[in-house]
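In order, the protein sequence lines correspond to chains A and B.
All letters in the first sequence, in the order written, are residues 0 to 483 by numbering that gives the first Met the number 0.
All letters in the second sequence, in the order written, are residues 0 to 483 by numbering that gives the first Met the number 0.
Just so you know, these hints were derived from the structure itself, not from any lab.
Predicted model, so just to flag it, every value in this text is computed and none were measured.
Don't take each hint at face value.
Identical copies go unnamed one by one, so any copy, or any two together, can satisfy a pair.
Straight-line alpha carbon distances no greater than 30 Å define the calculated DSS-like cross-link-like pairs of lysine-lysine that follow [as the list claims (entries may be wrong)]: (1) K149 / K385; (2) K42 / K309; (3) K208 / K31; (4) K439 / K247; (5) K31 / K309; (6) K22 / K343; (7) K153 / K401; (8) K234 / K401; (9) K153 / K31; (10) K208 / K343; (11) K385 / K234; (12) K411 / K437; (13) K234 / K423; (14) K343 / K14; (15) K174 / K42; (16) K343 / K42.
There are 2 protein chains.
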Amino acid sequence: MQKISPIQIEWRPEKNGHTPVYKQIVQFVCDKVAAGEWTVGTKLPSQRALAELFEVNRSTITTAIDELTSYGIVSGRHGAGTQISSNTWSLFLPKSNWNEYLKSGSFQENNVMIQAINRLEFEPSVIRIGTGEIDPRLFSQSMWSKTLQKVGSKLTSLGYLENLGLLELRQAIAKHLEDSGIRADPENILITSGSLQALQLIAVCLLQKGSTVFTEAPSYLKSLQMFQSAGMNLKGIPMDENGIEYWKLSSGETVDSSVLYTIPTNQNPTGTTMSENRRQELMKYCIDNQLPIIEDGAYQELSYNGVISKTLKSMDENGMVIYLGTASKTLAPGLRIGWVVASKPIVERLGDVKMQMDYGASSLSQWALTEFLNSGAYDEYLSDLKIELKNRRDNALKSLEKYFKDLASWNKPDGGFYIWLTFKNNIRIEQLFDAAIKEKILLNPGDIYDFKEDHSLRLSFAYVNSDEFNRAIRELSEIIKELN
Amino acid sequence: MQKISPIQIEWRPEKNGHTPVYKQIVQFVCDKVAAGEWTVGTKLPSQRALAELFEVNRSTITTAIDELTSYGIVSGRHGAGTQISSNTWSLFLPKSNWNEYLKSGSFQENNVMIQAINRLEFEPSVIRIGTGEIDPRLFSQSMWSKTLQKVGSKLTSLGYLENLGLLELRQAIAKHLEDSGIRADPENILITSGSLQALQLIAVCLLQKGSTVFTEAPSYLKSLQMFQSAGMNLKGIPMDENGIEYWKLSSGETVDSSVLYTIPTNQNPTGTTMSENRRQELMKYCIDNQLPIIEDGAYQELSYNGVISKTLKSMDENGMVIYLGTASKTLAPGLRIGWVVASKPIVERLGDVKMQMDYGASSLSQWALTEFLNSGAYDEYLSDLKIELKNRRDNALKSLEKYFKDLASWNKPDGGFYIWLTFKNNIRIEQLFDAAIKEKILLNPGDIYDFKEDHSLRLSFAYVNSDEFNRAIRELSEIIKELN
């Protein structure tokens with residue numbers, strides 16, 4: 000490292016220039032860093048000294064330093080003064096976009112909420128009763144150990160794969176999809192790095208800027224920036240207990256190149272499963288109105304009442320439906336494996352662009368999932384998982400009956416992870432969130448998923464066991480009574 | 000499936016309209032498909048019947064059917080007539096962009112060449128003497144089996160990971176980077192799905208449309224559409240035997256927000272390693288001219304002459320350098336694991352956007368690489384691999400000396416995979432490519448990597464063994480003599 004000597008500043012801002020003085024100071028510091036004159040670790044004079052030197056108010060210096068801090072160019076440790084913390088590349092961070100990026104999304108509040116949730120999820124002592132992920136304690140160590148051992152003994156190489164992904168996996172998925180009534184050849188299947196990437200590819204390859212993506216209100220999709228970032232508009236359509244009220248779409252809103260995104264089975268976040276009648280009506284409506292469908296089947300295999308819902312894709316004769324599947328909600332999110340089922344030109348187009356993005360998903364993950372599916376280990380594991388989750392759901396519903404009867408209403412999901420709970424009183428959700436976190440309970444407020452401010456929570460019985468759920472629900476009921 | 004009856008067509012094109020007749024026919028078919036009237040499998044009347052029905056020339060029908068075929072809407076099996084092969088979603092394939100996309104890249108020829116190479120790589124009997132991938136036969140079955148068994152026995156969950164990737168892997172990489180003189184904390188490292196995604200993230204997050212990316216001429220970067228797709232200009236700067244001739248940058252071209260992409264060690268495709276003097280001069284030049292650097296260290300660990308080159312990143316005091324590493328060129332491309340080393344605000348920004356794209360790289364791959372690095376298996380494997388590749392390189396140089404002395408000149412690489420061979424005569428590379436493929440030899444022509452048409456080949460001694468290389472080189476020399 001270079002030896003760092005106190006810096007000399009000869010420059011002075013121009014007081015009567017067009018550019019505000021604080022901006023001149025920001026630019027001056029950026030130039031020094033970009034030129035390599037001020038390297039990482041260089042200490043700036045104190046804010047008071049700078050104010051004197053530049054003959055400006057202390058507040059002007061503070062504003063400049065705040066902006067530089069937000070760019071990552073300087074950082075100030077308490078008591079240790081301000082120093083250069085970063086460098087030339089930091090100057091490339093798109094300044095206006097960067098701020099926009101931090102502010103992106105619909106409501107400022109939501110984003111703050113999601114950020115808080117993401118941060119708090121790493122606190123080990125917190126009880127997470129809204130998390131959309133299977134309890135890590137249900138991870139089957141022995142099954143994984145056995146499967147990886149088998150994969151290890153069979154692997155003969157781990158090279159680049161063809162555009163659509165590992166053929167053996169696509170064959171296994173094609174077979175597996177038959178259980179959902181979907182007939183697909185391996186050439187109709189594209190392996191993606193999770194469903195999120197599938198949505199990303201659809202946004203980039205198939206949708207146009209300014210087009211509308213319709214979805215259930217509330218919807219998981221609302222919590223993503225995916226389509227909005229790509230320039231599409233997201234519109235929520237109300238649901239009843241049978242699913243999306245598609246007829247509410249018809250008020251002149253259906254425009255060219257709009258699409259419908261739906262989670263018909265065990266929807267996220269409401270747990271609603273679309274009735275078979277509604278599915279048939281919806282398909283007819285979409286054909287009549289030339290509205291193609293993205294069907295997210297993430298929770299398709301997680302029904303606990305013995306009924307397997309007919310996928311929209313299985314009813315699809317016109318190629319209206321792109322079907323998305325994933326291993327994240329049943330097996331493990333860390334595999335990062337999802338799949339798109341569509342016609343050949345569509346999957347090839349998406350696959351070509353995927354290759355330009357990351358050369359395909361992990362081959363190791365793809366071999367592991369192939370082994371799970373072909374060996375029967377997946378089916379065995381899934382049937383155990385469903386028994387456990389069914390018990391957790393039954394317990395959760397009992398627990399709500401006991402503690403929330405007078406406070407809220409909720410649905411009784413046939414499967415999946417979620418219960419959508421709506422308070423009878425207009426409770427302030429931020430206040431509840433804060434009060435709950437003090438008691439180490441992490442909530443997923445409904446606002447994250449809904450298109451309007453509401454008084455709901457997404458509860459999940461997948462991440463916590465029954466005891467934890469009961470304890471959290473009891474405490475939550477007490478918090479609410481205090482807040483009312 | 001619906002029963003398919005012969006279709007009745009009442010519609011007729013408008014002969015004197017503004018829209019060409021063939022376009023009207025295309026639109027008519029698209030509308031029928033979009034409306035769900037013509038489902039997949041529907042057979043169209045024969046081209047002759049259509050020509051009579053619409054009262055147009057047979058060639059007009061052919062043009063329309065060709066366009067519909069290119070969109071994937073119809074397909075024609077020989078003798079079986081034309082039928083609807085796809086559907087509503089296919090209509091979303093951006094028609095103009097789709098064509099542009101197929102034509103994208105610099106030269107039409109290059110793309111045809113790359114497409115041919117990608118296709119021919121799946122022919123098992125072809126000898127690939129240009130492929131930038133380690134011979135799958137060098138895959139260490141026992142090492143992988145042992146490692147996966149260990150991973151299986153240690154894994155306790157496979158949930159979503161934090162933005163930057165698995166902490167244990169970032170710690171292992173930070174330690175591993177010390178060998179390249181790079182001091183980084185885990186918080187300076189972002190795990191990506193291979194280096195390609197790292198470049199994608201840099202293009203999307205840090206660079207601006209219209210800015211210039213300088214790179215060696217020739218360069219691997221030229222074979223990617225990455226930066227051009229994101230709106231940047233790619234400019235090639237000549238090299239001598241010591242690396243990039245940076246001083247040729249200075250002719251007024253260096254503009255705001257341009258960057259330099261370089262592979263200083265065992266460059267792809269030339270095999271050149273930048274001298275230490277050149278590295279120091281380049282760093283000084285870049286600081287003086289505020290030109291930040293993307294250093295691709297893909298072949299950094301693959302030097303065979305006992306000398307470890309100093310990375311630019313290790314000489315970097317100003318944060319000029321973003322360093323890219325990958326497991327693809329040493330261990331296995333199928334892991335899809337790369338890493339970015341940069342300052343905290345940079346990796347955080349890239350990591351945030353990565354989370355919006357695919358929620359992170361495969362945890363299974365990340366755990367596997369962690370195990371390889373921490374157990375010492377990686378270092379052991381790497382030292383064996385280097386001995387094997389050194390032998391292959393020595394053999395390749397001998398073989399060239401024997402068969403190509405009078406036909407071409409080439410460099411003697413210190414490491415990596417590649418030898419850059421330039422013909423003395425102005426041989427027509429397409430012709431050579433075609434003649435070679437007839438003899439089952441697959442070449443990577445220099446045009447793919449260079450900024451001008453040239454008479455070079457990228458040879459790789461990594462994918463084929465010495466016998467195969469010798470045989471291919473001997474045959475190639477004979478082909479050339481016949482062509483001359």
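Evaluation of the provided hints:
1. Within a single copy, K149 and K385 get their C-alpha atoms as close as 25 Å, and across copies as close as 29 Å, so both meet the 30 Å cut-off.
2. Within a single copy, K42 and K309 get their C-alpha atoms only as close as 65 Å, which misses the 30 Å cut-off; across copies the closest is 28 Å, which meets it.
3. For the identical chains of this complex, K208 and K31 are inter-copy neighbours only, at 25 Å across copies versus 40 Å inside a copy, given an alpha-carbon limit of 30 Å.
4. Proximity of K439 to K247 under the C-alpha cut-off of 30 Å is found in neither arrangement, the shortest distances being 40 Å within a copy and 61 Å between copies.
5. In this homomeric assembly, K31 and K309 come within 30 Å of each other (Cα to Cα) only across copies, at 27 Å, whereas the closest approach inside a single copy is 64 Å.
6. Taking identical chains as interchangeable, the C-alpha atoms of K22 and K343 lie at most 30 Å apart only when they sit on different chains, with a minimum of 24 Å there against 54 Å within one chain.
7. Taking the shortest alpha-carbon separations for K153 and K401, neither the intra-copy value of 52 Å nor the inter-copy value of 40 Å comes in at or below 30 Å.
8. Taking the shortest Cα distances, K234 and K401 never come within 30 Å of each other, neither inside one copy (36 Å) nor across copies (69 Å).
9. Taking CA atoms no more than 30 Å apart as the test, K153 paired with K31 passes in neither setting, with 57 Å inside one copy and 49 Å between copies.
10. Only within a single protomer do K208 and K343 lie at most 30 Å apart by alpha-carbon distance; the minimum there is 24 Å, versus 33 Å between protomers.
11. In this assembly of identical chains, the alpha carbons of K385 and K234 never lie at most 30 Å apart, being 33 Å within a copy and 57 Å across copies at closest.
12. For a Cα distance limit of 30 Å, the shortest separation of K411 from K437 inside one copy, 29 Å, qualifies, whereas the shortest one across copies, 66 Å, does not.
13. In the homo-oligomer, the alpha carbons of K234 and K423 lie at most 30 Å apart inside one protomer (26 Å), although the nearest pairing across protomers, at 64 Å, exceeds that limit.
14. Taking the shortest Cα distances, K343 and K14 never come within 30 Å of each other, neither inside one copy (64 Å) nor across copies (34 Å).
15. Taking the shortest alpha-carbon separations for K174 and K42, only the inter-copy value of 28 Å comes in at or below 30 Å, while the best intra-copy value is 63 Å.
16. Taking the shortest alpha-carbon separations for K343 and K42, only the inter-copy value of 18 Å comes in at or below 30 Å, while the best intra-copy value is 59 Å.
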